[in-house]
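Number of protein chains: 2
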Amino acid sequence: MAQKPSIPKGTRDFSPVEMLRRKYIFNTIERVFQKYGYLPLETPAMENLETLTGKYGEEGDRLIFKVLNSGDFMQEVRDKWDAKYGSGPVEATADVIRDMRALALDVKASQVTEKALRYDLTVPFARYVVQHQNEIAFPFKRYQIQPVWRADRPQKGRYREFYQCDADVIGSKSLLSEVELVQLFDDVFTALDLQVAVKINDRKVLAGIAEISGQPEKVVDIVTAIDKLDKIGQEKVEEEMRAKGVSNEAITRIAPLFALRGTWAEQRPQLEQWLASSAIAQQGLKDLDFTFANAGTLHNARLEFDPTLARGLDYYTGAIFEVKALEGSLGSSICGGGRYDDLTGIFGLKNMSGVGISFGADRIYDVLLETGKFPAELGGSTKLLFANFGETEALHCLKLLRQVRESGIAAELYPDTVKMAKQFKYADDKGIAFVAILGENELKQGIITVKDMKSGEQRAVKEDELITLLS
Amino acid sequence: MAQKPSIPKGTRDFSPVEMLRRKYIFNTIERVFQKYGYLPLETPAMENLETLTGKYGEEGDRLIFKVLNSGDFMQEVRDKWDAKYGSGPVEATADVIRDMRALALDVKASQVTEKALRYDLTVPFARYVVQHQNEIAFPFKRYQIQPVWRADRPQKGRYREFYQCDADVIGSKSLLSEVELVQLFDDVFTALDLQVAVKINDRKVLAGIAEISGQPEKVVDIVTAIDKLDKIGQEKVEEEMRAKGVSNEAITRIAPLFALRGTWAEQRPQLEQWLASSAIAQQGLKDLDFTFANAGTLHNARLEFDPTLARGLDYYTGAIFEVKALEGSLGSSICGGGRYDDLTGIFGLKNMSGVGISFGADRIYDVLLETGKFPAELGGSTKLLFANFGETEALHCLKLLRQVRESGIAAELYPDTVKMAKQFKYADDKGIAFVAILGENELKQGIITVKDMKSGEQRAVKEDELITLLS
Numbered sequence: 445m446a447q448k449p450s451i452p453k454g455t456r457d458f459s460p461v462e463m464l465r466r467k468y469i470f471n472t473i474e475r476v477f478q479k480y481g482y483l484p485l486e487t488p489a490m491e492n493l494e495t496l497t498g499k500y501g502e503e504g505d506r507l508i509f510k511v512l513n514s515g516d517f518m519q520e521v522r523d524k525w526d527a528k529y530g531s532g533p534v535e536a537t538a539d540v541i542r543d544m545r546a547l548a549l550d551v552k553a554s555q556v557t558e559k560a561l562r563y564d565l566t567v568p569f570a571r572y573v574v575q576h577q578n579e580i581a582f583p584f585k586r587y588q589i590q591p592v593w594r595a596d597r598p599q600k601g602r603y604r605e606f607y608q609c610d611a612d613v614i615g616s617k618s619l620l621s622e623v624e625l626v627q628l629f630d631d632v633f634t635a636l637d638l639q640v641a642v643k644i645n646d647r648k649v650l651a652g653i654a655e656i657s658g659q660p661e662k663v664v665d666i667v668t669a670i671d672k673l674d675k676i677g678q679e680k681v682e683e684e685m686r687a688k689g690v691s692n693e694a695i696t697r698i699a700p701l702f703a704l705r706g707t708w709a710e711q712r713p714q715l716e717q718w719l720a721s722s723a724i725a726q727q728g729l730k731d732l733d734f735t736f737a738n739a740g741t742l743h744n745a746r747l748e749f750d751p752t753l754a755r756g757l758d759y760y761t762g763a764i765f766e767v768k769a770l771e772g773s774l775g776s777s778i779c780g781g782g783r784y785d786d787l788t789g790i791f792g793l794k795n796m797s798g799v800g801i802s803f804g805a806d807r808i809y810d811v812l813l814e815t816g817k818f819p820a821e822l823g824g825s826t827k828l829l830f831a832n833f834g835e836t837e838a839l840h841c842l843k844l845l846r847q848v849r850e851s852g853i854a855a856e857l858y859p860d861t862v863k864m865a866k867q868f869k870y871a872d873d874k875g876i877a878f879v880a881i882l883g884e885n886e887l888k889q890g891i892i893t894v895k896d897m898k899s900g901e902q903r904a905v906k907e908d909e910l911i912t913l914l915s
Numbered sequence: 445m446a447q448k449p450s451i452p453k454g455t456r457d458f459s460p461v462e463m464l465r466r467k468y469i470f471n472t473i474e475r476v477f478q479k480y481g482y483l484p485l486e487t488p489a490m491e492n493l494e495t496l497t498g499k500y501g502e503e504g505d506r507l508i509f510k511v512l513n514s515g516d517f518m519q520e521v522r523d524k525w526d527a528k529y530g531s532g533p534v535e536a537t538a539d540v541i542r543d544m545r546a547l548a549l550d551v552k553a554s555q556v557t558e559k560a561l562r563y564d565l566t567v568p569f570a571r572y573v574v575q576h577q578n579e580i581a582f583p584f585k586r587y588q589i590q591p592v593w594r595a596d597r598p599q600k601g602r603y604r605e606f607y608q609c610d611a612d613v614i615g616s617k618s619l620l621s622e623v624e625l626v627q628l629f630d631d632v633f634t635a636l637d638l639q640v641a642v643k644i645n646d647r648k649v650l651a652g653i654a655e656i657s658g659q660p661e662k663v664v665d666i667v668t669a670i671d672k673l674d675k676i677g678q679e680k681v682e683e684e685m686r687a688k689g690v691s692n693e694a695i696t697r698i699a700p701l702f703a704l705r706g707t708w709a710e711q712r713p714q715l716e717q718w719l720a721s722s723a724i725a726q727q728g729l730k731d732l733d734f735t736f737a738n739a740g741t742l743h744n745a746r747l748e749f750d751p752t753l754a755r756g757l758d759y760y761t762g763a764i765f766e767v768k769a770l771e772g773s774l775g776s777s778i779c780g781g782g783r784y785d786d787l788t789g790i791f792g793l794k795n796m797s798g799v800g801i802s803f804g805a806d807r808i809y810d811v812l813l814e815t816g817k818f819p820a821e822l823g824g825s826t827k828l829l830f831a832n833f834g835e836t837e838a839l840h841c842l843k844l845l846r847q848v849r850e851s852g853i854a855a856e857l858y859p860d861t862v863k864m865a866k867q868f869k870y871a872d873d874k875g876i877a878f879v880a881i882l883g884e885n886e887l888k889q890g891i892i893t894v895k896d897m898k899s900g901e902q903r904a905v906k907e908d909e910l911i912t913l914l915s
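Here the protein sequences come in this chain order: A and B. Numbering-wise (the working numbering), the first sequence opens with residue 445 and increments by one. Numbering-wise (the working numbering), the second sequence opens with residue 445 and increments by one.
Same shape as in the complex, but just chain A (with noise of 0.2 Å):
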């Protein structure tokens, strides 16, 4: 007996229930991309090694998952070790095990592995922009569905394998593009169906209110910990800014910003006075009032100033947002997103402004489960199942199964005779709508009865009313 298969701890099987989920959301998401004139770009699962080292941190570096050289490296070094001291003994100086030691042991990197799986869609996204450069319409508008792989510790909600799900514009500085993303996120969760917050700040702001604490050169330390606001508190983000060595008198400076409370015009002339001295603090609310001021009106997306809204460190250099659900009980964000300055410059392309936004597929999932905002007809679902009572009655469903197919609806015949009570079991547990009934009497009436699984309900109609009756 074979020992039972699973996968590797972290990865996931999507069963056609959650893929049907899924596509619901990653189509909705791709119309809304494409209606807003993004295109599709796919970059390769595997990325050279040096493409991807050094573009996470050191922390990112340690979970990017190699892959191995094809070929058995260890046989190379054992083939190497044999070439040199044959498979006999040999007399056993200290050279020689220095020797051994050094052959066996530094096999390097490059021969046991020189590509890796993407970490994420960024860093590939730049990398195929200044590779393309030539090809490439700037602005280029780009949108990319594709998983990512990361070595994490797997735990509940964090995966080995993930889709991210980004659109970005790269080359150009409008912040027409800002607005339009604002726009884009309310109309994917209009079409979802979800009540979102999309909040916005600018890292303009928050280089400005390091700059008025005294210490400008303790911006990241100050916005890294700006950031934990959320989850940690006031006191906390204070303590931590004070054991990086932000001053009493700079944090008594920046303490202003927890006290900001109401919407963009509420908090403007705050913001204005208090910021007056930060000439870059001063041009980051100057961008904030371009987006508050031409985004429209929005659905079911409420655009809201976040003067704490940090995300991370990061590339980011302008707008940045982040969408939370107002319905269901998740905490975390839902979507990310922001404006950088020199994203391809990693790769030797200089002034390559640009902004994007990032869906969280598998957040945005359980929200809609847990709201029950999934739509009871998914598409792709069968939605008609020709019963089996023998071979004349299948055949005879055959062709008309082939009509029903023909008119663009999903149905099949239950390949086997078996029993009705099975057949019908199928049919549930595939959500399939309704079970048409062909059997001896029916055929010589030349009629069917078309049972709704939901009501239970059945009801006889002619042949040819059958389409019309699903439709």
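Calculated from the structure, these hints are not laboratory results. Treat each hint with caution, since some may be false.
If several chains are the same, the list does not tell them apart, and a pair holds so long as it fits within one copy or across any two.
[What the hints assert, rightly or not] Calculated lysine-lysine pairs in the BS3-like style (CA-CA distance at most 25 Å, straight line):
#, residue 1, residue 2
1, LYS453, LYS895
2, LYS895, LYS688
3, LYS730, LYS843
4, LYS869, LYS617
5, LYS827, LYS898
6, LYS448, LYS499
7, LYS866, LYS617
8, LYS866, LYS817
9, LYS874, LYS600
10, LYS874, LYS888
11, LYS730, LYS617
12, LYS874, LYS794
13, LYS730, LYS869
14, LYS672, LYS898
15, LYS817, LYS680
16, LYS898, LYS874
17, LYS600, LYS672
18, LYS898, LYS866
Position chain B relative to chain A; hints supplied.
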């Protein structure tokens, strides 16, 4: 200056225009899969190494991409070494040397890697079925469209990462599935506007031929040789059989195979007579009768019996399929498939008969490109670009843009105020159909000048006529 970035050999980036074409193919196939009651499944890119090894033959095993365990396993070896002997000098006895060599070199494969990238979709599917057998409603009809990875030597048309596109029904022996799959092929290629030959044979007929040859034990060698007929011709096929120990007498008995010509109806009586003494061949012929009798009128597909079709060895036991394009210059097949009696046996679940097909997306892509069969307007392309004449005009366009998008039309506003030539080039490069020109004059008059990028024609319309013009 950073190095120009690149991707691993044998892998590909798919640009937006390539992606839109690929999506057209995948979406077409997927729509038909769903119409036939097949539901989507996805399995993780990484499988446990033991799930994959031993399933693809010795050569296949070598081509599996293995993923390195996280952590520096060589460091572990170094640590063990140092723990035992320290890093200082040791007395170099032969024992010590032997021990050190073992410690250093016998890195167990499982320490290095225990996960691998999937090599095809069939083995993960079998693994899924066995693992989830208690949750699945059998017969299980699933489709799966995901990339697979093979460490093959890259060459023209052969990649190290490529998509497979499979549909299988497992858990039924009914020949209705074979009929359905022929109709499914026809539906897909009718939708893709491509004329194809769907070639069919049955492994039972081939087994019968081996039987009547007098050397039934040579069935594998006989089938393997016959499979090459297309490429090497009858003489070489017979030579190969001879080399494998098939007797001249047996080869003479097999020879009528190569003389068979004509339609199923024409060949059927000859086969009946020639294979009269083989019960298994007779069963194969009866099964083929069923498929030919019930496939119905096909549109773009021509169903052809091909007695020399063998499709490698694999796991096929009944019907085998192959699809070839009747247009374009591609010689090789663009789809394949067949019935298997024991796909899940490798994972301990016996008696699961099924039948499946696979679409070769890369080859279908090449044929459609060569024959000009891709639609002029691919779904997902942007239809309208609003040119940008400055902030006032742009902000006005932003409002119109929103209306256009809300009507479902993909549109965008050029984000920067740059020369018209550059904006038109952008529209051209991106294949955008229309450019909306709304400068100072148009703004005053409440009109828009719309340029058809294909014909070059310009037309002034009122703002509220814009959507009608584009629909």
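Hint-by-hint comparison with the structure:
In the homo-oligomer, the alpha carbons of LYS453 and LYS895 never lie at most 25 Å apart, since the shortest distance is 43 Å inside one protomer and 55 Å across protomers. Taking the shortest Cα distances, LYS895 and LYS688 never come within 25 Å of each other, neither inside one copy (69 Å) nor across copies (59 Å). Proximity of LYS730 and LYS843 under a CA criterion of 25 Å is satisfied inter-copy only: 21 Å between copies versus 67 Å inside one chain copy. For a Cα distance limit of 25 Å, the shortest separation of LYS869 from LYS617 across copies, 19 Å, qualifies, whereas the shortest one inside one copy, 58 Å, does not.
For the identical chains of this complex, LYS827 and LYS898 are intra-copy neighbours only, at 12 Å inside a copy versus 41 Å across copies, given an alpha-carbon limit of 25 Å. Taking CA atoms no more than 25 Å apart as the test, LYS448 paired with LYS499 passes between copies only; the shortest distance there is 16 Å, against 39 Å inside one copy. Proximity of LYS866 and LYS617 under a CA criterion of 25 Å is satisfied inter-copy only: 16 Å between copies versus 62 Å inside one chain copy. In this assembly of identical chains, LYS866 and LYS817 lie within 25 Å of each other by CA distance neither inside one copy nor across copies; the values are 31 Å within and 44 Å between.
Neither within a single protomer nor between protomers do LYS874 and LYS600 lie at most 25 Å apart by alpha-carbon distance, with minima of 28 Å and 42 Å respectively. Taking identical chains as interchangeable, the C-alpha atoms of LYS874 and LYS888 are never at most 25 Å apart, the minima being 30 Å within one chain and 59 Å between chains. Within a single copy, LYS730 and LYS617 get their C-alpha atoms as close as 14 Å, which meets the 25 Å cut-off; across copies the closest is 69 Å, which misses it. Only between protomers do LYS874 and LYS794 lie at most 25 Å apart by alpha-carbon distance; the minimum there is 23 Å, versus 53 Å within a single protomer.
Neither within a single protomer nor between protomers do LYS730 and LYS869 lie at most 25 Å apart by alpha-carbon distance, with minima of 62 Å and 32 Å respectively. For a Cα distance limit of 25 Å, the shortest separation of LYS672 from LYS898 qualifies neither inside one copy, at 48 Å, nor across copies, at 53 Å. For the homomeric pair LYS817 and LYS680, neither the shortest alpha-carbon distance inside one copy (37 Å) nor that between copies (63 Å) is at most 25 Å. Taking the shortest alpha-carbon separations for LYS898 and LYS874, only the intra-copy value of 13 Å comes in at or below 25 Å, while the best inter-copy value is 47 Å.
Within a single copy, LYS600 and LYS672 get their C-alpha atoms as close as 21 Å, which meets the 25 Å cut-off; across copies the closest is 51 Å, which misses it. Taking the shortest Cα distances, LYS898 and LYS866 sit within 25 Å of each other inside one copy (17 Å), while across copies they are farther apart (58 Å).
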